[in-house]
Amino acid sequence: MKNLNAKIASIPMIFTALVIFVGCTAWTIYHSFTNSRLLPNNNWVGFDQYERLWDTKRWIVSVGNLAIYGVCSLVISVIIGFVLAALLDRKIRFEGVFRSIFLFPFALSFIVTGLVWQWILNPEFGVQKVLQSLGWENVTFDPLYNPDLVIYGILIAGIWQGSGLIMCVMLAGLRGIDGDIWKATRVDGIKTWKTYIFVIIPMMKPVFVTALVLIASGIIKVYDLVLAQTSGGPGIASEVPAKYVYDKMFNAQNLGQGFAASTMMLVSVAIVLIPWAYLQFGGKKND
Amino acid sequence: MTDETNLVDGPRGPKPKRAFTRRNIFVYGTLLLFAVYYLLPLWVMVVTSLKGMPEIRMGNIFSPPVEVTFQPWVKAWSEACTGINCDGLSRGFWNSIKILIPSTIVSILIASINGYALSKWRFKGSETFFAILVLGAFIPYQIMIYPIVILLREAGLYGSLWGLVLVHTIFGMPIMTLLFRNYFTGIPDELFKAARVDGAGFWGIFIKIMLPMSLPIIVVAMILQITGIWNDFLFGVIYTKPDLYPMTVQLNNIVNSVQGVKEYNVNMAATLLTGLVPLVIYFISGKLFVRGIAAGAVKG
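One line per chain: the protein sequences are A and B, in this order. The numbers in UniProt numbering rise by one with no breaks, and the one at position 272 of the first sequence is 272. The numbers in UniProt numbering rise by one with no breaks, and the one at position 249 of the second sequence is 249.
Keep in mind the hints are simulated off the structure, nothing from the lab. Watch out, some of these pointers could steer you wrong.
Claimed, not checked - Some residues of chain B that are not near chain A, with every Cβ distance over 12 Å (derived):
id	residue
1	E67
2	I187
3	E190
4	F206
What the hints assert, rightly or not - Beyond 12 Å from chain A on every Cβ pair, some chain B residues (computed):
id	residue
5	Y28
6	V68
7	T69
8	W73
9	C81
10	D87
11	K208
12	L244
13	G260
Claimed, not checked - Chain B stretches covered by chain A per the calculated footprint, using a threshold of three residues with CB under 8 Å from any CB of chain A:
id	region
14	55-62
15	145-151
16	221-234
17	272-281
In this text, all values refer to a predicted model and were calculated from it rather than measured experimentally. Glycine included, every Cβ here is placed at the ideal spot set by N, Cα and C.
Full structure from sequences and hints, please.
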C-alpha cells in the first residue's frame, strides 16, 4: 500500500479531525434536540431546548453582554492596535522596548488579567479610592459593582490583554507596505495622517480582516476573564454564553440547555466565519 | 505637523537635530501614555504584593511600599488555602509543571509528524483532513467538551493527567500542525528525494533529516504551547480532579473564595507567581514570541 507509514503516522490527526472536530460537534448538535438532563439521552424534543434557552433571562443577558463586549473590543482593539503600530512604524527610538511593553499582557492568562483588574477596580482600595483621596470626594468609579457598567469593566481588562496582539499584526502589515508609496505621497505633499487614512488603510484591508477574525474568534470564547474578574456578577449582570454553557453542563445538571447554548455559539461563529472564508476563497480565484 | 512628512522615509539632506519638535512630543507622548496603561497593572501587582495589610488599608494602591515585606509571597506559595488544603499555590505550580511537560512534548511531536506527512507524504484525503483541522480551530470548545468527557471516561482517562495531556494535544493540533506544515514545505524537495534514493523511509527521513533541521520552529512551537498550556483554565477545571488542578484554577479558587478576611497582598503575590512563568518565557524569547504568534495568527 502506497504511503502506508504516512497514513499510520497521520492517525492522530485523522482521529482529531473526524472524531473530535466533526464527530463531537455533531454529537452535541444532535443531543441539543433531546431532553438530556443529568445524563445524555435520545428523547427527541425538537426545538424545545432552544425555545427555553431564548426564554431564559440569563441567556439573553449573556448574549447582550457578548454583543457589547464584542463590538467594543473589535472597534477599540483595532483602533489602539493600529495607532500604536503606526506610531511604532515612525522610525522611533526604543521601538523594541515599547513593543515589549504593549505585548507582554498577551503572555498572561485571563485569570491573572481578571484578578489584577478586579483589584485595580476595587472601589474600597482601587482607582475610586485614589480619586476620592485626591479631592474628588463624590466621584464614583466602581464598574465591577454596577450592573450597567460591569461589562465595560471587563472590557478594560480584555483590551489590556489582547490589543498588543493586534498591534503586532498591524505592525507586520505596515512593514509590508512598499516604501515607494510613502515617497510618492510625500512628493505630492500629502499630509501624513491623510496618507494613513486614504492610502495606507485601504491597502491594508486583508490585515484588518485578519485582525477582525482573530478578535472575533477570541471573543466568543470569553469565559475565564469573566469568571476571575466578577464570577458573572453582580447578580447575573456580567454573564457570558460560554459561562452559561459550562454552568448548565457541569453545575446545573441540565445538559440539554448546555448543548443548545453551545450550538448557538457555533452558529454565531459560522455567521462570522462563512462570509470571511467566502471572501478569502473568492479573492484567490479572482487573482 | 506639515514637516513630519520629511521624516518618513529615506534621508533628504541632514536630519534636523531638534528633539522637541511637535511631532516628537505627539508620538512619544502617546506612546508613553499607552505604556503607562499597559505597565500599571504589573506595577500594582508588584507593589501590592510587597505591602502589609495595614498599609494597603491606609494607603494608595499605586504608591510603592513603605515597608517592604515578603511575607505575602511566602504565604501565597506555601500557606494559602483552597478548601481544606492549606499548602499554598506550590501544589498548583507543581501540578502545572506535571501537566506542562508531557503536554508540550506530546503535542509538538504529533504536530511535527502531521506537518511532515502533510508536506512531504501527501496521500489521498490528507488535504481534506488538514482543512477540517484548521477549521476546527474556530469551533468554540464548548460544543466539544462534553462528548470528550464521555470519550475520556470510556478510555478510563477522565480526571487523569494523561487525559488532560490528550486534550491539550488535540486542541493545540490545528495551530501546531499549521506551523510545522508551513516550515517543512519550505525545506527543498531535492533533499527529501535524495534521501529517498538512498533508501530512507518515512521515519528515517523524519528522524535523521527533518527533525534536526526543524530546531528553530520547535522553539517557536514550544513558546506557543508553554504559554498556552500554562495559561489554560477551562480544560484544567473540566478534565482533572481537584488534587491535580493546574495553577490557574487554584489561583482563582484562592482569590475568589469567600471564606475569611480577604488578604489582597497575598492574592496579588499569588497572581504574580502564576503569571511569572509566561512572563519569563516572554521576556527571554523576545522576537521569537512575536514570530510564534505571527505565524499562528496571520496564517491562521
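Each hint, compared with the structure:
no.	hint	result
1	E67	18 Å, holds
2	I187	16 Å, holds
3	E190	19 Å, holds
4	F206	8 Å, violated
5	Y28	7 Å, violated
6	V68	19 Å, holds
7	T69	17 Å, holds
8	W73	16 Å, holds
9	C81	17 Å, holds
10	D87	20 Å, holds
11	K208	15 Å, holds
12	L244	17 Å, holds
13	G260	17 Å, holds
14	55-62	holds (count 5)
15	145-151	holds (count 6)
16	221-234	holds (count 6)
17	272-281	holds (count 5)
In the structure shown, a violation is registered for the earlier hints numbered 4 and 5, in ascending order.
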